[in-house]
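Each residue of the sequence shown is one higher than the one before, counting from 741 in the numbering used here.
Source of the hints: derived by calculation from the structure; they are not laboratory data.
Ideal Cβ placement from N, Cα and C applies to all residues, glycine included.
Any given hint could turn out to be false.
Simulated DEER-style distance windows between Cβ atoms [to be verified]:
1) H1099 x R1146: 27 to 33 angstroms
2) G956 x G890: 17 to 23 angstroms
3) N1078 x R1166: 18 to 24 angstroms
4) E1132 x H1195: 20 to 26 angstroms
5) V1188 x G1154: 16 to 22 angstroms
6) G1095 x Q1155: 23 to 29 angstroms
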Amino acid sequence: MAALPGVRLWMRRLLADLRSGRSCLCLFPQTQLTGEPAAVEDLLNELLHELADFVLVPAPGDGGARGSRAAGPPVPLSSSPWGDGPDPILDYDDGLSGFSAVRTRSAAVPGPRSPAPDGPPEGATFHDLADRIVKELGDKASDENRGHTGVEGLLDRLTATPGGPGASRVILVRGWQEPAPTAATELLRRLSATVKAAGLPPERRPRLLVLATSAGLPVELPEQIAREDIGVHWWWGALGRLDTATVVAMARPLPSGPAARHQLLEAVAQATVVEVCGPFLDLAARLAVEWDGLPDSLPAQLRLLTGGPVPERTTVPERTAVPGPRSSEPIAALLHPNASLRPEWDLGRLDRWDGRLRHRPGGAAEHEHSVRTRIWLAQNHALLPLLDEAREQFTEVIGIRSRLPRPELAAIYGQRAEMELGMMWRAHLQGHVRLTQPEANRLRTLRVSRNKLAHRTALDNTALESLVHVLCS
């Protein structure tokens, strides 16, 4: 996951904040902390690799494990695969050659775990976290703060001698391992205020990076922290169409059968999985492996993967509705999940993808209409350019087979270069163009397919197979 371009871009923005001297809070859905391997664990390993100097604070009870790395040469921002230019617009293409399919998961970072259900009061855990950080920093406290412990001791330790060893290390806290959810965020606020009061320049500021979920945090807290000059990075809209397309392409079985026909069917199948699954990469990978690629079986396969009831036979309907306008949620909801969206986001059922709010598809009846619409969207995206190209090629056949002079044919049906498939078919029916039977069958298939897609109707198995045969012959 850490190798996907959208994830790299998300991490680049986070690292840019840290390197500019800002402390940061990263908020993830609870579902990102589960699974094997957990997504946050992969991201954490990648972050530690990018940071030249850090302190990884152990969880309560992990005591002896040291989580720090000695100072080393800083990693420049241009180490990002995107270089020093502006952030790219991640859109779908087929540039998969540079994608590294395998990432070795480091065993150095313990996996996420749920906090203990019962623990000490929040104030105690707040100071306990500070004491653990001081211990991990490793240096003995100076005379000025020798009598201080807890938060005061930590803040004195970090700001009293700003040029001291390790003073500018990134201190990384896994908030989901803390007994009190707000302990790390309160420490963020205190550190930010203390650094600001001390007037430290960016390159000498101590920085705290907290990875957490929104569970247990006050709803308004992330916005309040952001106003205090702390970078808040939501795992929201991080994945784009190219990320999903990459995962689907890597997961699909190896091709078989006639090359041209298979490639076109495969292009439609991959576009369909991408469109249906959106940012939910786990579902996209499973659907890419287990679905046969034919539109009629997709709703049933999706029900099977999402735990819904599977009917005896499911077909793509003749008519599907066009997607509605972009979500009416306020702009802030598109930048991060607001209070009303947060419960679904935390459960991994909602994200921002391709500029829209996207719900995780399911097997329930209310999801089926959306799924069928997305089948049409994918077919429209993959097939419409090929249909337009086939129409242009067929105008040559019309010119050869016309029984009318060119000016008269153009006066009735339009100029040949602009003649639509429907007008070509009408000219054939009127006897003004004499086509062979194979040519008439080809024109009929192109016209019917184009009309269905133009009227927002998905092609079923038979219609898709017929069109692919015509386009590849």
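To see whether the hints hold, each was checked on the structure:
1. The hinted window of 27 to 33 angstroms between H1099 and R1146 is violated, with their beta carbons roughly 54 angstroms apart.
2. Range check, G956 to G890: about 21 angstroms between beta-carbon atoms, so the 17 to 23 angstroms window is met.
3. Restraint check, N1078 to R1166: a C-beta distance of roughly 53 angstroms breaks the suggested window 18 to 24 angstroms.
4. The hinted range of 20 to 26 angstroms is satisfied by E1132 and H1195, whose Cβ atoms lie roughly 21 angstroms apart.
5. Separated by about 20 angstroms at the C-beta atoms, V1188 and G1154 satisfy the suggested range of 16 to 22 angstroms.
6. For G1095 and Q1155, the Cβ-Cβ distance of about 37 angstroms falls outside the hinted range of 23 to 29 angstroms, so the restraint is violated.
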